[in-house]
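Protein chains: 4
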Amino acid sequence: MATSKPVTAILLMSCPDRKGLVATVAQFLHERGANITHADHHVDPEAGIFFMRVEWEVEGFSLSTEETRQEFGRLVESFEMKWSLHYSNQVQRVALFSSKDDHCLLDLLWRYRAGELPHAQMPILISNHLDHSHIAKEYGMDFRHFPMTPETKASQEKKEIEVLKDYEIDLIVLARYMQIVTGQFVNAFPRQIINIHHSFLPAFIGANPYRKAYERGVKLVGATSHYVTEDLDEGPIIAQDVTPVSHRDTLEDLIRKGRDLEKQVLARAVRSHLTHNVLSYANKTVVFG
Amino acid sequence: MATSKPVTAILLMSCPDRKGLVATVAQFLHERGANITHADHHVDPEAGIFFMRVEWEVEGFSLSTEETRQEFGRLVESFEMKWSLHYSNQVQRVALFSSKDDHCLLDLLWRYRAGELPHAQMPILISNHLDHSHIAKEYGMDFRHFPMTPETKASQEKKEIEVLKDYEIDLIVLARYMQIVTGQFVNAFPRQIINIHHSFLPAFIGANPYRKAYERGVKLVGATSHYVTEDLDEGPIIAQDVTPVSHRDTLEDLIRKGRDLEKQVLARAVRSHLTHNVLSYANKTVVFG
Amino acid sequence: MATSKPVTAILLMSCPDRKGLVATVAQFLHERGANITHADHHVDPEAGIFFMRVEWEVEGFSLSTEETRQEFGRLVESFEMKWSLHYSNQVQRVALFSSKDDHCLLDLLWRYRAGELPHAQMPILISNHLDHSHIAKEYGMDFRHFPMTPETKASQEKKEIEVLKDYEIDLIVLARYMQIVTGQFVNAFPRQIINIHHSFLPAFIGANPYRKAYERGVKLVGATSHYVTEDLDEGPIIAQDVTPVSHRDTLEDLIRKGRDLEKQVLARAVRSHLTHNVLSYANKTVVFG
Amino acid sequence: MATSKPVTAILLMSCPDRKGLVATVAQFLHERGANITHADHHVDPEAGIFFMRVEWEVEGFSLSTEETRQEFGRLVESFEMKWSLHYSNQVQRVALFSSKDDHCLLDLLWRYRAGELPHAQMPILISNHLDHSHIAKEYGMDFRHFPMTPETKASQEKKEIEVLKDYEIDLIVLARYMQIVTGQFVNAFPRQIINIHHSFLPAFIGANPYRKAYERGVKLVGATSHYVTEDLDEGPIIAQDVTPVSHRDTLEDLIRKGRDLEKQVLARAVRSHLTHNVLSYANKTVVFG
Numbered sequence: 009m010a011t012s013k014p015v016t017a018i019l020l021m022s023c024p025d026r027k028g029l030v031a032t033v034a035q036f037l038h039e040r041g042a043n044i045t046h047a048d049h050h051v052d053p054e055a056g057i058f059f060m061r062v063e064w065e066v067e068g069f070s071l072s073t074e075e076t077r078q079e080f081g082r083l084v085e086s087f088e089m090k091w092s093l094h095y096s097n098q099v100q101r102v103a104l105f106s107s108k109d110d111h112c113l114l115d116l117l118w119r120y121r122a123g124e125l126p127h128a129q130m131p132i133l134i135s136n137h138l139d140h141s142h143i144a145k146e147y148g149m150d151f152r153h154f155p156m157t158p159e160t161k162a163s164q165e166k167k168e169i170e171v172l173k174d175y176e177i178d179l180i181v182l183a184r185y186m187q188i189v190t191g192q193f194v195n196a197f198p199r200q201i202i203n204i205h206h207s208f209l210p211a212f213i214g215a216n217p218y219r220k221a222y223e224r225g226v227k228l229v230g231a232t233s234h235y236v237t238e239d240l241d242e243g244p245i246i247a248q249d250v251t252p253v254s255h256r257d258t259l260e261d262l263i264r265k266g267r268d269l270e271k272q273v274l275a276r277a278v279r280s281h282l283t284h285n286v287l288s289y290a291n292k293t294v295v296f297g
Numbered sequence: 009m010a011t012s013k014p015v016t017a018i019l020l021m022s023c024p025d026r027k028g029l030v031a032t033v034a035q036f037l038h039e040r041g042a043n044i045t046h047a048d049h050h051v052d053p054e055a056g057i058f059f060m061r062v063e064w065e066v067e068g069f070s071l072s073t074e075e076t077r078q079e080f081g082r083l084v085e086s087f088e089m090k091w092s093l094h095y096s097n098q099v100q101r102v103a104l105f106s107s108k109d110d111h112c113l114l115d116l117l118w119r120y121r122a123g124e125l126p127h128a129q130m131p132i133l134i135s136n137h138l139d140h141s142h143i144a145k146e147y148g149m150d151f152r153h154f155p156m157t158p159e160t161k162a163s164q165e166k167k168e169i170e171v172l173k174d175y176e177i178d179l180i181v182l183a184r185y186m187q188i189v190t191g192q193f194v195n196a197f198p199r200q201i202i203n204i205h206h207s208f209l210p211a212f213i214g215a216n217p218y219r220k221a222y223e224r225g226v227k228l229v230g231a232t233s234h235y236v237t238e239d240l241d242e243g244p245i246i247a248q249d250v251t252p253v254s255h256r257d258t259l260e261d262l263i264r265k266g267r268d269l270e271k272q273v274l275a276r277a278v279r280s281h282l283t284h285n286v287l288s289y290a291n292k293t294v295v296f297g
Numbered sequence: 009m010a011t012s013k014p015v016t017a018i019l020l021m022s023c024p025d026r027k028g029l030v031a032t033v034a035q036f037l038h039e040r041g042a043n044i045t046h047a048d049h050h051v052d053p054e055a056g057i058f059f060m061r062v063e064w065e066v067e068g069f070s071l072s073t074e075e076t077r078q079e080f081g082r083l084v085e086s087f088e089m090k091w092s093l094h095y096s097n098q099v100q101r102v103a104l105f106s107s108k109d110d111h112c113l114l115d116l117l118w119r120y121r122a123g124e125l126p127h128a129q130m131p132i133l134i135s136n137h138l139d140h141s142h143i144a145k146e147y148g149m150d151f152r153h154f155p156m157t158p159e160t161k162a163s164q165e166k167k168e169i170e171v172l173k174d175y176e177i178d179l180i181v182l183a184r185y186m187q188i189v190t191g192q193f194v195n196a197f198p199r200q201i202i203n204i205h206h207s208f209l210p211a212f213i214g215a216n217p218y219r220k221a222y223e224r225g226v227k228l229v230g231a232t233s234h235y236v237t238e239d240l241d242e243g244p245i246i247a248q249d250v251t252p253v254s255h256r257d258t259l260e261d262l263i264r265k266g267r268d269l270e271k272q273v274l275a276r277a278v279r280s281h282l283t284h285n286v287l288s289y290a291n292k293t294v295v296f297g
Numbered sequence: 009m010a011t012s013k014p015v016t017a018i019l020l021m022s023c024p025d026r027k028g029l030v031a032t033v034a035q036f037l038h039e040r041g042a043n044i045t046h047a048d049h050h051v052d053p054e055a056g057i058f059f060m061r062v063e064w065e066v067e068g069f070s071l072s073t074e075e076t077r078q079e080f081g082r083l084v085e086s087f088e089m090k091w092s093l094h095y096s097n098q099v100q101r102v103a104l105f106s107s108k109d110d111h112c113l114l115d116l117l118w119r120y121r122a123g124e125l126p127h128a129q130m131p132i133l134i135s136n137h138l139d140h141s142h143i144a145k146e147y148g149m150d151f152r153h154f155p156m157t158p159e160t161k162a163s164q165e166k167k168e169i170e171v172l173k174d175y176e177i178d179l180i181v182l183a184r185y186m187q188i189v190t191g192q193f194v195n196a197f198p199r200q201i202i203n204i205h206h207s208f209l210p211a212f213i214g215a216n217p218y219r220k221a222y223e224r225g226v227k228l229v230g231a232t233s234h235y236v237t238e239d240l241d242e243g244p245i246i247a248q249d250v251t252p253v254s255h256r257d258t259l260e261d262l263i264r265k266g267r268d269l270e271k272q273v274l275a276r277a278v279r280s281h282l283t284h285n286v287l288s289y290a291n292k293t294v295v296f297g
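Protein chains in written order, with the working numbering: chain X, 9 to 297; chain Z, 9 to 297; chain B, 9 to 297; chain R, 9 to 297.
Here chain X stands alone, though its shape is the one from the complex (with noise of 0.2 Å):
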């Protein structure tokens, strides 16, 4: 599907908002030839923080990859800007991880198949358990087994962090892991660990939220994808979606409803993400597209 797209270059900029960056970028760019083909900007005003995300086609362009991060690095030296370059064809290496729910799971690698994940590859499945070896084997991906017991979390978590850098993973996808992860994984993954949380955060956070959600009687579950940072569950969310239940859904129903929620709200949170449209700040998120 997207294959007989033209290739582009993807920057990610944040900085502290000043005059004429818009302008500084574009022109930049122009002057090097290139065919702007997206561009999209926001100014968080209380935060005075400048996002920009620009795409360009590679054909026409006259800087290479290194020339181009080199100037771009002169251009924008005073700024305080971090940035990214990125490119539309430039594989990006997922690895997933899961327990023993296995719907969000199916879910990203039917869409990983269908080609809604452009340019992901998905080389490896880790889980506390041994219930989706099968998968792994079905989808042609590497299965890792790391059994987690308190005692022993800091060194298996250790010899995973090893492994995905082996496997020179881009993004760890959650996919209903049911494991806390530690500060020491975080850190070893920043802004590189997406999770789906089965609540409308900042509602219910923690352990069962249906569960919590089926006594306080809400008339709406929901779902949260987000950024996990060391903090359970108060990292930037990426996105979230509802939907209506009522007294006649028992929890059963409401665990059944909210399964659908979770798969398309992870999916779209990853794709956002492996599609460079999202930035993060704070505790917040900027999400284009």
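Think of the hints as simulated: they come from the structure by calculation, not from any bench. Since this is a predicted model, take the numbers as computed values, not measurements. Certain hints may be false.
No distinction is drawn between identical chains; accordingly, a pair holds when it is met within one copy or between any pair of copies.
[Unchecked claim] Calculated lysine to any residue pairs in the SDA-like style (CA-CA distance at most 20 Å, straight line): (1) 220 to 241; (2) 265 to 53; (3) 13 to 98; (4) 173 to 138; (5) 292 to 223; (6) 220 to 289; (7) 108 to 123; (8) 265 to 218; (9) 13 to 25; (10) 265 to 124; (11) 145 to 121.
Fit chains Z, B and R to the supplied structure of chain X, relying on the hints for placement.
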């Protein structure tokens, strides 16, 4: 609008679940000539409680109101049933409370005029400010001003209760009334006070929910209408809804988008209550219709 | 999941409205020891038709299936009632039809495996293409290939009907089956064929609805699940939903976003049918639950 | 509310796509001291059309309005560009049209008072009935009554056009105005007339859409706001939304639920237009923001 519809009687019931409840009620009514137009029931399987709402045409029914009360009371004597009898042409007197925001207030009044709240009367508007006295005047309502300070709240509420009793109020709607009501007030009108909270409860309980939502970076804002209990924002939820927001939305935008939600969610809850479609138990509601 | 629930019987009824129907049915069941767990009814006031669905526990009920049929038949003899009796543990044999798109097919199969479609059996997949034979294999279904040309359609459909009768199929689900079925096929399975149309019907009837939606510049795309009748895309609607789109969405994006809708809308309709919650009349449905 | 915000200038542009458009515009503004606060652009890849909206602070910009027009005109002389220049503090004069339903009318007027439609003025209400004259009076608007018959429509519209020109009207909002306007009227105000149609277009074009929706048995009802063109209900769609309905909803319920939708969808479209976020082409719109 509603005037051409046949007059109906409505029974609301809840009791510990047991065999034969639907049949017993249906048979009781049928034997007395009732043409049942709506019958809804629900069993909470965890709590083991049975809920029923049955509506029938008064024409052709052989019992008077008083006889219905007596005979039905005898029928369910041993069932530990809470029940109430209502009529579709029975006036329900609603007191509105507001502070400075007028969107929920005007919305309810428009719906009232348009016939969306059949058989409601809205004789009085109470406020801790003077801003809305002209609205009361325009709609032919009495306006009562009860300014509040921490010191005067208890005594002011006592006066409010007296006024509300004098006006024979059946339902109190807090249409963005920005004062916490105390236990004495709540206990004077059990399950007769409906509030609108401007968040998706239980997220962002208390003051400034839009500010909190903005700071948390949520991707949806919500509104919740609930019965008021002694615990702030913890009462049984009647209706909830959300609307999407993005990084582009300022705090002002959240407030603007939220207003639309608040109006609709509150109106839905009030309409459900006034059409006798809400049964509450523990901290939950059954909302038929 | 559903296995631990008590076995229930379900009666679906529709007839010209008259007094006492709810009471008559409830009393009939109660006198025979039924513990009614769900009872829904509806009257279409314009058409004057009464609809009822009642569900009760088999344990404690004094009649056998055969006796129920006979005694209930006698009870409603003069009511011009259409009725059917079902049991929650009764297997329902579902045939799936697909062409080249696999998202609805795989989604239904996942739900089937996950226990969301209780007591369904999915013994056979029929397709006008060979692409999905491996899916049938993976799920242990028989696969039958019926290629279609305008010339062969009538004879191929006859063979399909035979196969479906041999397999004792109760419900046919067209899971993105891209062939118009003829009157002979529809008439062989009245109200037993459910289709998913990839638009918000009645908008964009017929071929290429996403292309039409794209060209019309709509701001929402939809999906509709309906019973198949002889008139293309005109059968009684069981479920519908929409999702927002914008000028940024290409035709490809509409198709991608639509797929998520199609899966959910079709699954909701199939689940409603299999749990005996759908009654159809004229060109409409009553969907309880 | 909007008053404390800095005054901004807004350029809306559309032209055949070519390289360097974003950079050319951004550079032009930057060189003249502009602080760009918003910049959105879009390319319709099928039509090959480029769209851009750019907003910058007037303070610090070195050109007057007249100079901006001249210099920008020269810049894009060879681009076949349609463009328009607006200012955030520029008053926009809105004429409201209504018939007998007042919900959209009152909703717009409430939003206007609440500051949701910044810099709009609403000097005149035109109606083919007399029912809303008191509303005009209450809001300090002139009221003009133009009764319509098939015979008088042409001449009445001519008078309306004169009045609207006298009032220097920028935008006409048909707030449930139940008359079809003719080509002469449409052509006098190209892309300056916004209508609300009470269905999810293109479903249920023309009269009585709720009745048609009711008879078709849809599970959602919708509303669509669009620019008025000579073809009834066929103009470019600006905003759409839907709300769920069920078999329980009577035609009256559909109308009631639809009213809430109509208000919101119309208000969203009017706000997008008044904030210069809508560009239309062929039969579509680009809606930024």
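Now the hints, each set against the structure:
Taking identical chains as interchangeable, the C-alpha atoms of residue 220 and residue 241 lie at most 20 Å apart whether they share a chain (15 Å) or sit on different chains (16 Å). Only between protomers do residue 265 and residue 53 lie at most 20 Å apart by alpha-carbon distance; the minimum there is 19 Å, versus 38 Å within a single protomer. For the identical chains of this complex, residue 13 and residue 98 are intra-copy neighbours only, at 13 Å inside a copy versus 42 Å across copies, given an alpha-carbon limit of 20 Å. In this assembly of identical chains, the alpha carbons of residue 173 and residue 138 never lie at most 20 Å apart, being 22 Å within a copy and 41 Å across copies at closest.
Within a single copy, residue 292 and residue 223 get their C-alpha atoms only as close as 29 Å, which misses the 20 Å cut-off; across copies the closest is 8 Å, which meets it. Taking the shortest alpha-carbon separations for residue 220 and residue 289, only the inter-copy value of 17 Å comes in at or below 20 Å, while the best intra-copy value is 30 Å. Taking CA atoms no more than 20 Å apart as the test, residue 108 paired with residue 123 passes between copies only; the shortest distance there is 15 Å, against 25 Å inside one copy. In this homomeric assembly, residue 265 and residue 218 come within 20 Å of each other (Cα to Cα) only inside a single copy, at 10 Å, whereas the closest approach across copies is 26 Å.
With identical chains, the CA atoms of residue 13 and residue 25 are at most 20 Å apart between copies only, with a shortest distance of 17 Å across copies and 33 Å within one. Taking identical chains as interchangeable, the C-alpha atoms of residue 265 and residue 124 lie at most 20 Å apart only when they sit on different chains, with a minimum of 10 Å there against 23 Å within one chain. Taking the shortest Cα distances, residue 145 and residue 121 sit within 20 Å of each other both inside one copy (15 Å) and across copies (19 Å).
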